[in-house]
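Q: Single-letter residue listing:
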Amino acid sequence: MNWPRFVPLVARQIRRNPRRSLLTFLGLAVSFFLFTSLKSLLFTMSGVVDRAGSNVTLFMRPRYGTPFYRAEIPQSYLGRIRSIPGIAGATPYLFFIGKGRREGQGSLVLGAEADSIRKVRIMKGVTEEEFEAFRRERTAAIVGRTLMDANDWRIGQEVTVQGMGEGKSVRFWIRGDADAGTDSNFSNVAIVHLPYLQEVTGEQGRLTFIVLKAESADLAPAIAGSIDDLFANFTVPTETISEKSFLSTVIGGLADALKAITIIGYLTLAATVLVVANTVAMSIRERTTEIGMLRTLGFGKDMLLWLVLSEAVFLAVVGAVAGSGSAWGMFEAKLIHFPKDLGGLELRSNLGLLLESILLSIPVGLLAGLQPAWHASRLPITEALRHAD
Amino acid sequence: MPAELKSLPLVEIRDLQKSYFRGGEEVPVLREIDLSIAGGEFVALMGPSGSGKTTLLNLIAGIDRPTAGELKIAGRSIQDLSEKELDSWRNRSIGFIFQFYNLVPVFTAVENVELPLLLSGLSAPERRERAEAALRIVGLGDRMHHKPGELSGGQQQRVAIARALVGNPTLILADEPTGDLDSKSAEEILSLMESLNQDFGKTFIMVTHDPRAAARARRLVHLEKGRLVEGGA
Amino acid sequence: MAIPFSYSWRNLTARKSSTLMTTGGIALAVMAFVVISATGQSMKRTAAVTGNPLNVVVLSRGGASAEASKVPWETLRTIQYLPEVARGPDGEAQASIESVLVRAIQPPAAPLGDLSQGRYTTIRGVTPRVFSVQPEVKIVEGRLPSAPGEILIGQLLPSKLKGAGIGAELRFGRQKHVVVGIFDAGGRIFDGEIWMGLEDLLSEMLLNEPSIAVLRLREGTDAVAFAKSLEDSKRFTVDAQAETDYYAEASRASVAFVILGNIIGLIMGLGAIFAGMNTMYAAMSRRIREIGTLRALGFGRWVIARSFLIESLLIASLGGIAGSLVALAFDGVGLNFFQLAFRLDVGAPSLIRGAVLASLIGLFGGLLPARAASRLAIVEALRHV
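Protein chains in written order, with my numbering: chain A, 228 to 616; chain B, 105 to 337; chain C, 905 to 1289.
Be a bit skeptical, because a hint or two may be false.
Below, a sample of chain C positions facing chain A; criterion: calculated Cβ distance under 8 Å [said to hold, decoys possible]:
id, residue
1, L932
2, Y1024
3, G1053
4, I1171
5, F1203
Derived lysine to aspartate or glutamate pairs resembling EDC-like cross-links, with alpha carbons at most 16 Å apart [to be verified]:
id, chain 1, residue 1, chain 2, residue 2
6, B, K251, B, E230
7, C, K974, C, E1103
8, C, K974, A, E299
9, B, K288, B, D303
10, A, K528, B, E187
11, A, K528, B, D168
12, A, K346, A, D456
13, C, K1138, C, E978
14, A, K528, A, E610
15, C, K1132, C, E988
16, B, K188, A, D529
17, A, K528, B, E189
Derived by calculation from the structure, the hints in this document are not laboratory data. Keep in mind it's a predicted model, so treat the numbers as computed, not measured. Backbone N, C-alpha and C define an ideal beta-carbon position, used for all residues, glycine too.
One chain only, chain A, in its complex shape (with noise of 0.2 Å):
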């Protein structure tokens, strides 16, 4: 094919009236930006689900009353889960509520227990030596990057956190921290000893939540299913389901959210449709004469319906590429993410959507460059070269 030779007689349409060009340019980049941004948003949270939630890992809870971060779980069941065959780990955590430097905000310090943790969990960005240190010392912890900036915190610095209720405290020094971001488990926590938790709380014996593991994901159900029965009829009956519905339940909650912010994301491309079709038809429209020439040259209607909506698809994908682009290497760059006060949850995107708004820009152009390259096409080429705009 030697499609290559017409590439400037596309291209270059873009210089016959420059500002033109960058006022669809720049429509068309802000669509995109917003497209990209959309999707990131819907990526990082449909992806706190699908990256972090994995079914091989289980939550046990208790099956009633109180909100999960408010359990009782008697410690004495960890043992008993342990020695359930197939289970590869299992770790128990105490939660702790506390204050955060601002009123309102929260501070969630977990009791966690060193020697079983990593056989979960992963710890996300905190080194070994940065673990060595938490581990041998009572008072230790290991704090998110996200908790230690809302708070201003250091490592190394002795930190006491308020309990929200009882006029309850925790004093730490913190050791390590692990990273931010959705793919860390541990970003908006600070992780101290279980029995020191508990110690300075009065809450001896007592878990808030167990997290295990099993060997394989198909093993999960059925692990899940036998835990539950052992504690049916104990005082406080469990119930054990995979991290992934955990998750799924509270992206369910966000449901309506996530439907609507496609919805707008595609609205907005309709609109981008309209602006660059608008362009388009206004450029050809002024070109009719030069549309005569080319077919008194021999261009042909077909060659004319390929190179107008060339034009079209050229100029959509020009802008997809720089507000797209933009809108990735923003949120690459990590400089946008949810307030503090709603988990301060990072944006993020990546190449997969990048690639998947440039490819969408295609259609855009299509659409947009269909109605004016069939009607320069079809227009009789006496008509054309008459044509006086």
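Could you slot chains B and C onto chain A? The hints should help.
A: Showing chains B and C alone in chain A's frame:
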């Protein structure tokens, strides 16, 4: 042009009719046109406005279709060609010069001249070489990379002539080629066409209402109210 | 001399497809903006109408929300007989003791075991007293529960949990629950909740204490001051908030929607401004000679500029009206945000915001082309081909 073709008429028109339909009513523009033009001729088509001279030119160029009659060019009946055949026929056989030059403003002179060659199988260097040669012939060897906006009207029309020449067509058609030029530039353009006709043996059919332009032609064909009035002046 | 308004209008109708496409782009931007800001407004409004100025919510000390609160029975019993609390015709205190839980509930239509379809829903254990503090809540279908396992649902719940209606079974806790009635809470938060007997819920969920008490105060009592006095009182260790304040805080998530709406509106508006500018510049170049003629006839620069601005504003208004009409089609749609269920109310505030956005698009899209048109030199404009 091969010698054996020279004796045969290059353009043979038999009983050509062209009508437009306006509001369901037939408006005849050309009637009973019989015309024969030999290779190497320089014909001026003259007539008052509305006489149908541009329509006749358009029919010969294959950018308009006759209502009836026969139109044979270089032995080929072009009224029977399909639209696609007609497109490529035009590309290979016809060079067209417009009154308002119709150059692409965002292309340089040489790129404008290359335009018809884009449809040929020629490689990029071959196209460029031919376009440059055509520009040299029209005397614009030193203006190849100027854009139309940087050229005078006369120079722009020369570029257009080079574009008409570049594909080595059988027939060059010109629609009021001097209509938009001052008299000095018009003279230069006419001289150029004359020399292309004499030195390169190019066949020209030119629509004009300018007597000075007509004077350069070797044959005058008059049209009045859609009918041919051969000879004339 | 003024150019008649009809001049601008005629020019728009003269180039229909261009006007239509620009209008369409603006309409989509305005529509998206109106719908998102209406979402924020509706969430806020749902929370705002729920709070009654005479009601006070009593929670345990440090319990940030009802779900996290646990108040001992004795405290609740004592508090409800405080003199500020209103009395019903039967002499009983108008106080509702409630247990509040949020659970992921499967829609009745969802296959068993597929936990991913669960939707967070508030389950409120109540006594008949609830109707004395929330008198606006009315049963509109079915009846009150009379046996354990029978529940009421708010009118918006079916839009959240597919298949929830009278006779439907909802699974949570230790048993199946049959819906025996649907209530209308008049746009209050309760419209998206499940209500059931307090004792039933406590025993089923193995709980010993309820979560909160809602007190209806005597006419003329200052709820904020009363709440403050409860918190300061040495007798009780509780938190208390005027119900209006309590639900205003609960609508904090709506702030995110307002911010998101503004950002999206701003970006889409910006895109629409570029599109409008393109259209208006094209309109100007097509009419250069005409502008020269008008100027030669004695129309001033400002008059020309104004006619272009009017044209641009007209396009934007058409887009704004079209966008608002489409947005209005979404009025009343049931939406959920975690446990909050609400109806989308495309009301005046969001429509006004949409109109402001459309006007800004028209103004900024038309400003530069209008200026350019007014600055054309008469002689050159007349010579223009």
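Q: Does each hint hold? Answer for all of them.
A: Verification of the hints:
no.: 1; hint: L932; result: 4 Å, holds
no.: 2; hint: Y1024; result: 5 Å, holds
no.: 3; hint: G1053; result: 15 Å, violated
no.: 4; hint: I1171; result: 5 Å, holds
no.: 5; hint: F1203; result: 23 Å, violated
no.: 6; hint: B:K251 <-> B:E230; result: 21 Å, violated
no.: 7; hint: C:K974 <-> C:E1103; result: 15 Å, holds
no.: 8; hint: C:K974 <-> A:E299; result: 14 Å, holds
no.: 9; hint: B:K288 <-> B:D303; result: 22 Å, violated
no.: 10; hint: A:K528 <-> B:E187; result: 9 Å, holds
no.: 11; hint: A:K528 <-> B:D168; result: 14 Å, holds
no.: 12; hint: A:K346 <-> A:D456; result: 24 Å, violated
no.: 13; hint: C:K1138 <-> C:E978; result: 15 Å, holds
no.: 14; hint: A:K528 <-> A:E610; result: 15 Å, holds
no.: 15; hint: C:K1132 <-> C:E988; result: 13 Å, holds
no.: 16; hint: B:K188 <-> A:D529; result: 9 Å, holds
no.: 17; hint: A:K528 <-> B:E189; result: 12 Å, holds
The structure is inconsistent with the numbered hints 3, 5, 6, 9, 12, although it conforms to all the rest.
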